[in-house]
Structures are given as structure tokens and as C-alpha cells.
Amino acid sequence: MFTGLEFEPIDLPATAEALRTEVRAFVASELPEDYWPNSDFNEGHSPAFSRKLGERGWIGMTWPERFGGGERTFFERYVVTEELLAAGAPVSAHWIADRQSGPLLLSYGTEAQCRRYLPQIVRGECYFSIGMSEPNSGSDLASVRTRAERVADGWIVNGTKIWTTDAHRNHYIIALVRTEPPSDDRHAGLSQLLVDLHADGVTVRPIRNLAGGEDFNEVVFEDCFVPDEGLVGERGNGWTQVTSELGYERSGPERFLSAFRVLVEFVRAMGNDPSRDEAVLLGRLASHLMTLRRMSISVAGMLQQGGSPAVESALVKSLGNDFEKLLGELVRLQAPPGHPRLERCLRQTLLHSPSFTLRGGTREILRGVIARGLGLR
Amino acid sequence: MDRLIEDTAERIFADHVDKGVLDRAESGEFPNALWDVVRESGLHLVGSAQSGTEPVDLYGVLRIAGRHAVPLPLAEVLVANSLLDEAGFITIAADGVAPWARVADGVLTVDGEFSRRFETEPDTNLAGESRDRVVLVDAERVGLPDDLRERLALSRVALMAGCLERILAMAIDFATEREQFGRPISRFQAVQHNLAVLAGETAAARCACDGAVANVDSSGFVHHVAAAKARVGEAAGVAAEIVHQVHGAMGFTHEHSLHHFTRRLWAWRDEFGREGRWQETLGRRIAAGGADALWDFVVDPSPHISPSRLWS
Ligand SMILES: Cc1cc2nc3c(=O)[nH]c(=O)nc-3n(C[C@H](O)[C@H](O)[C@H](O)COP(=O)(O)OP(=O)(O)OC[C@H]3O[C@@H](n4cnc5c(N)ncnc54)[C@H](O)[C@@H]3O)c2cc1C
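Residue numbers (the numbering used here), protein chains in the order written: chain A, 1 to 377; chain B, 1 to 312.
Don't read these hints as lab results, they were simulated from the structure.
Since we're looking at a predicted model, the values are computed, not measured.
All residues carry an ideal CB built from backbone N, CA and C; glycine is no exception.
Among these hints, one or two may not hold up.
Unchecked claim - Chain A stretches covered by chain B per the calculated footprint, using a threshold of three residues with CB under 8 Å from any CB of chain B:
| no. | region |
| --- | --- |
| 1 | 302 to 309 |
| 2 | 361 to 370 |
Said to hold, decoys possible - Computed Cβ-Cβ distance ranges for the label pairs, DEER-style:
| no. | chain 1 | residue 1 | chain 2 | residue 2 | range |
| --- | --- | --- | --- | --- | --- |
| 3 | A | 13 | B | 241 | 38 to 44 Å |
| 4 | A | 358 | B | 121 | 56 to 62 Å |
| 5 | B | 96 | A | 13 | 33 to 39 Å |
As the list claims (entries may be wrong) - Dumping the calculated SDA-like pairs for lysine to any residue here, alpha-carbon to alpha-carbon at most 20 Å:
| no. | chain 1 | residue 1 | chain 2 | residue 2 |
| --- | --- | --- | --- | --- |
| 6 | A | 325 | A | 304 |
| 7 | B | 19 | B | 33 |
| 8 | B | 19 | B | 194 |
| 9 | A | 325 | B | 33 |
| 10 | A | 325 | B | 29 |
| 11 | A | 52 | A | 31 |
| 12 | B | 19 | B | 249 |
| 13 | B | 19 | B | 250 |
| 14 | A | 325 | A | 307 |
| 15 | A | 325 | B | 298 |
| 16 | A | 325 | B | 193 |
| 17 | A | 325 | A | 302 |
| 18 | A | 325 | B | 238 |
| 19 | A | 52 | A | 29 |
| 20 | A | 52 | A | 36 |
| 21 | B | 19 | A | 137 |
| 22 | B | 19 | B | 263 |
| 23 | A | 325 | A | 308 |
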């Protein structure tokens with residue numbers, strides 16, 4: 001009998017737990033008095049903070065030592081990331097390079113690429129953007145139109161990427177481009193190019209979001225020359241590579257902790273003798289959070305064993321994003337009046353909540369991935 | 001859990017529980033043949049001191065029993081045998097109600113009384129499972145752990161987790177076989193998305209259950225059970241709704257076996273505390289620790305962990 005997707009229960013090893021205390025002490029000592037914590041991984045861009053994490057060895061933790069990595073387990077990385085998010089530390093600068101660009105280079109990049117970029121990422125000095133979406137290609141990623149034409153020693157790139165988080169302050173982008181004309185096989189002819197965001201022929205324009213922030217961008221390539229060594233992996237293998245990235249992108253604690261600080265402020269506002277309704281809601285949300293955390297740690301275990309848990313990641317992200325949205329909505333109904341910190345958190349979460357179920361793959365796309373995993377399509 | 005126990009339980013329940021057995025049990029007929037097979041296999045002793053098995057095996061057997069809606073008071077028998085020296089058909093009464101008391105050899109109450117003499121009156125829960133009213137005669141006092149109600153709540157969590165696995169399988173099978181508009185309904189995106197949600201709730205329930213089972217003897221057990229009973233109870237409601245929607249009118253008939261599973265989910269999420277009761281326990285405990293200890297609690301709900309005041 002098919003009994004569903006397997007999530008093996010995992011107890012974090014003692015080495016990972018020991019790290020937890022260290023991270024907490026570090027965060028407490030590093031964040032300024034007036035720092036306003038935000039557990040959304042997209043908020044809080046601080047190169048200074050990222051460099052300090054790098055000094056501690058908390059970026060590229062699972063990577064090989066010869067590229068500056070820590071050769072630690074995915075469980076240790078898990079603990080560091082969840083502690084940073086729960087504390088609301090400013091992690092967005094290095095987040096994508098650490099989570100997925102580095103691992104992508106390790107899987108598919110050349111020795112020279114790894115030597116050049118990974119040590120800088122590990123030091124917390126080098127930041128990457130994801131160049132997947134385009135104005136006419138969102139969920140249907142295989143339809144991207146940005147073209148790279150072969151020339152002597154490299155490629156000429158033309159096209160537009162959009163919603164590119166932090167492209168205006170990051171160093172590089174890994175862009176999914178067409179290197180062959182479209183054919184019957186939609187997934188063929190795609191490649192990934194690593195492009196310097198400050199190169200000639202690249203224009204980055206920030207796009208203001210509804211919360212008033214400028215985090216994502218339009219990135220336009222006009223006859224931008226990318227040298228041969230910019231090709232990541234194999235020409236034509238872009239689709240396989242980009243899908244493998246998504247396993248890293250989707251399963252982490254950032255997929256259910258975006259609204260966590262709302263819960264912290266809700267507890268502060270209710271005090272230690274809450275009404276029944278307040279206690280019931282708090283308990284409900286905590287039961288979801290504890291369960292999601294177990295699931296996410298279980299996926300860390302799959303990564304540790306070298307697996308590619310695409311379906312399991314989609315499932316954790318999907319449940320996690322729904323939870324993040326529910327959290328704000330439900331706390332709003334019970335929030336006692338007169339607590340400015342709670343109101344501020346609620347407002348911030350509400351204004352960002354539309355993005356929770358879009359970025360990194362929409363809820364509908366994730367459900368489709370799960371349905372495929374169930375053998376329905 | 002032990003592989004041999006898992007396979008034995010799965011095989012015995014799959015071979016000996018069918019719609020006929022379930023219907024007869026519901027009309028009040030104790031499934032003697034099934035009980036004999038279980039006793040001969042020794043499954044009724046899993047979790048007891050002399051069996052050399054662990055809590056993970058005990059609750060694992062219950063999860064598999066949930067997959068098959070086994071119409072025996074296995075939760076009570078297994079938990080009782082894990083606590084008492086004498087092994088046999090002992091059921092457990094909570095608030096004057098015990099499954100299949102009328103055929104049991106002995107009744108233990110959650111308040112620490114035990115007797116082999118008792119009076120019973122048949123009654124059922126909303127799934128038609130025996131929940132006899134029972135009054136003990138000549139009861140003796142026995143020493144019991146003070147978390148017995150939590151253990152019984154966890155038994156319902158395990159039963160529900162298994163039952164969810166079964167209805168997910170039933171929903172997938174039905175959706176791939178049933179055709180409308182010239183194709184299997186599993187081809188429709190709306191149906192696929194419902195099944196994806198069902199798979200998510202099933203996986204979440206399993207993880208919540210595993211988390212509590214792994215902490216049976218830990219100091220944070222009560223909180224792990226509270227989280228699990230609350231989360232799995234919620235999953236049961238969502239899942240039962242979806243599986244019925246997918247099955248259409250056929251699933252609303254008595255003839256179809258689906259209701260043996262969904263009615264059990266509705267019954268079990270109520271037994272030993274509805275979601276709200278456990279949510280409140282959890283919420284009060286977290287509130288007492290304060291905002292800055294919230295994350296610490298989520299990571300490790302053991303009471304010995306001192307609240308961390310490292311950040312605000
Ligand atoms: C804050 C934020 C940051 C982002 N950062 C990046 C980034 O750094 N790099 C990057 O490349 N992208 C980024 N994105 C883009 C993100 O990946 C896309 O928004 C997402 O893939 C959806 O694409 P779309 O917005 O074009 O919506 P569309 O694909 O047009 O979808 C619109 C709606 O239609 C639904 N839909 C589409 N196709 C189907 C289907 N087959 N079945 C059912 N429903 C369907 C979708 O689920 C959605 O509800 C970011 C987005 C946000 C909001």
C-alpha cells in the first residue's frame with residue numbers, strides 16, 4: 001500500500017546542538033540595540049553582518065575545505081540558518097549564494113569556477129542573484145527567451161530577467177538562457193551563465209514593491225559579452241541544473257519562519273496569563289511550527305544523504321507558506337490592542353504576505369509537483 | 001520501529017480485517033477470530049516490559065492498526081500491558097468508558113484502579129466502535145505513571161496517523177480509476193491539488209506523531225503530545241473532508257468502506273482531548289515562559305531548558 005511521502009524522523013546530532021548556543025550568543029552580541037528583527041530571509045541586507053558570519057565559518061558550512069568550506073553536516077547548517085532566522089538577523093546579502101548558487105557551482109561548476117567564487121562566498125563577501133524569471137516566463141520557466149549566441153571565446157546575451165532579488169546590490173547572477181533555438185523538446189537548449197552584474201551591457205533597475213521596499217529588480221542584457229568561463233555546467237543541460245537548485249531553494253526553515261516575529265510579539269502582548277482564546281491560538285500555531293520544523297529537518301537529512309528531495313521540499317514549502325500566511329491572519333483577529341511592536345510586525349507581515357506563496361515557486365506549481373510525486377500526472 | 005513487528009502487524013491486519021469484520025464489530029459482535037490471531041502472534045504484548053520492545057514499536061503497531069481500522073481495543077490493551085505485570089485482555093476506562101469492556105478480562109482506570117470484576121453496559125463512539133460504560137467492583141489500587149492520559153492521547157494520534165495514510169491511498173486509487181468527461185478524475189487539476197493537500201496533511205501527521213513517540217520518556221513529553229494531538233486532529237478534519245469530496249456520492253454510502261476510516265478520524269480526534277484542549281495546554285505553557293523563550297520552546301519543549309533571554 002502506498003502510504004505517502006516518507007519523512008524519516010531525525011534527532012539533530014549533539015554537534016549541531018552545541019552550535020546553537022554559539023549562534024545565539026553571537027547574534028545577541030552582534031545586533032545593535034535598536035535593531036528591529038525580521039524573520040523574513042529577504043529582509044535585512046547587511047554585508048557587515050554577512051562578513052562576520054563568514055569569519056565564524058557559518059557560510060558554505062557543508063562545502064569542501066579546499067574551497068574554504070567547513071565540511072560540516074547539513075544538520076549543522078540547518079541549526080545556524082534557523083537560529084539566524086528566528087532571531088530576525090539580517091541575512092539576505094549572502095543567503096542565496098550560500099543556499100543555492102554555491103551548491104550549484106559545486107555540483108556542476110568547473111574547478112576554476114569553484115576556486116574563484118566559493119572562497120569569496122564563504123567569507124561573506126560575494127553575493128549572487130537568481131536569474132530565472134522573465135516578463136513572459138514565470139511559472140512556465142522553460143519558456144525563457146533570454147538568448148545567448150555563441151561567439152569566439154564566449155557568448156553574447158540579450159534579454160530581460162525580472163523579479164531578481166537584490167540584483168542592485170549583489171555581484172553576480174546565474175541566468176537561465178536559451179543557447180539553442182526552441183525545439184519540440186521544451187527543456188532542451190537551455191544553459192546557465194554566470195554573469196557579472198556590473199559588466200557592460202547589463203542594466204539593473206529596482207522595482208518598488210507594494211510595501212514600499214526596493215528588493216527585486218529588472219535586469220536587462222543588451223549585447224552583454226560573457227566569456228567562456230561563465231558557462232555553468234554543460235551547454236544544453238540548463239533545465240536539469242535549474243531543477244536541482246530548487247531542492248535547496250525550497251525546503252529550508254525560511255519557508256515557514258517569515259512571519260515568526262509576529263508570534264513572538266503576540267506572546268509578549270498576551271503576557272503570561274492569556275485568555276483561553278489567546279492560549280488556544282498560540283498553541284495551534286506552535287503545533288504547526290513544531291511539526292514543520294521536524295519535516296524541514298527530515299529534508300536536511302535527505303540532503304545530507306546526498307538525495308535530491310524535490311517533491312518533499314515542495315511539500316514542506318507549500319505547507320510552510322500556507323502557515324506563514326495563516327499566522328498573520330489569525331493573530332490579527334486575537335491581537336490585544338495597545339501593543340505597537342505587535343502592530344508593526346503584523347503590518348510588515350501582511351504587506352509582504354502575498355509574496356510568500358509566489359517566490360520560489362507558487363503554491364499551485366508546488367501542488368503540481370506534489371501531485372506528480374503521487375503519480376497523478 | 002522493528003521491521004519484523006511492522007511486517008507482522010501489516011500482514012495480520014491486512015489478512016484478517018475486511019468490511020465484513022468491521023460491519024459485524026459495529027453491530028456489537030466482538031471479532032474473536034481476529035483477536036485469536038493477534039494473541040497468537042504476540043502483537044498484544046508489544047511495548048510490555050517482558051517483550052523487549054520499545055514505545056516506538058507500541059505506537060508503530062497502533063499506526064498500522066489505524067491503517068486497517070482494526071476493530072479491537074488495541075490501544076488500551078497495548079498501553080495496559082506496557083504498565084501492568086499481568087498481560088492479557090485488559091482494557092482501560094477513562095471517565096467511566098472503556099472499549100470492549102464487556103469481553104475484557106480486566107479493566108484498568110486512568111485514575112489507578114484495577115479489577116477483574118465489573119459491570120458493563122454497551123455503548124459506542126461516533127465511529128460505532130465499542131465504548132462500553134463500566135463500573136468496577138472490588139477495585140484495587142495500582143501505581144500508574146501520571147502521564148497515562150497523555151499516553152492514551154498519543155495512542156489516538158498514532159491511530160489517526162495510520163488512518164490518514166490509508167485514506168490517502170484510497171483517494172489516489174479512486175481518483176485514478178473513476179472516469180468522468182472521458183478521463184480519470186485524477187487528470188483534473190482541482191482534484192490533483194486536493195490530493196496534494198491531503199498528502200501534505202498526511203505527511204505532517206506522521207511527522208507530528210513520530211516526534212511525540214520519540215519523546216515518550218522525555219521531560220517534555222506532555223508538550224510533544226499536546227502538539228501532536230492538536231496538529232493531527234486538525235489534519236484529520238481537513239483530510240476527511242477532502243477524501244469524501246474526491247469519492248463523490250459513492251463515498252457517502254454505507255456500502256463503501258471509506259466511512260470506517262473517516263468516522264474513526266472524527267471519533268479519535270475527539271477522544272482524550274480535542275484540539276482546543278491541547279492547544280490551550282501548549283499555549284499556556286509557552287505564554288508562561290514569555291516571548292523571548294518562545295523559540296527555545298519550539299526547538300526543545302522540555303521543562304528543564306531555562307528560558308533564554310539572549311535577544312528581545
Ligand atoms: C518577492 C519575490 C522575489 C522573487 N525573487 C526572484 C528572484 O530572485 N529570481 C527569480 O528568477 N524570480 C524571482 N521571483 C519570481 C517568482 O519566481 C515568480 O513570481 C513565480 O515563479 C511565479 O511567476 P509569475 O509571478 O510570473 O506568475 P505566473 O506564473 O504568471 O502565475 C500567476 C498565477 O497563475 C498561476 N499559474 C501559473 N501557471 C499555472 C498552472 N500551470 N496551473 C495552475 N496555476 C498556474 C500561478 O500559480 C499564479 O497564481 C520573485 C518573486 C517574488 C514575489
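Evaluated hints:
no., hint, verdict
1, 302 to 309, "violated (count 0)"
2, 361 to 370, "holds (count 5)"
3, A:13 <-> B:241: 38 to 44 Å, "39 Å, holds"
4, A:358 <-> B:121: 56 to 62 Å, "58 Å, holds"
5, B:96 <-> A:13: 33 to 39 Å, "47 Å, violated"
6, A:325 <-> A:304, "29 Å, violated"
7, B:19 <-> B:33, "15 Å, holds"
8, B:19 <-> B:194, "26 Å, violated"
9, A:325 <-> B:33, "50 Å, violated"
10, A:325 <-> B:29, "48 Å, violated"
11, A:52 <-> A:31, "11 Å, holds"
12, B:19 <-> B:249, "19 Å, holds"
13, B:19 <-> B:250, "15 Å, holds"
14, A:325 <-> A:307, "29 Å, violated"
15, A:325 <-> B:298, "19 Å, holds"
16, A:325 <-> B:193, "18 Å, holds"
17, A:325 <-> A:302, "27 Å, violated"
18, A:325 <-> B:238, "17 Å, holds"
19, A:52 <-> A:29, "12 Å, holds"
20, A:52 <-> A:36, "19 Å, holds"
21, B:19 <-> A:137, "51 Å, violated"
22, B:19 <-> B:263, "14 Å, holds"
23, A:325 <-> A:308, "27 Å, violated"
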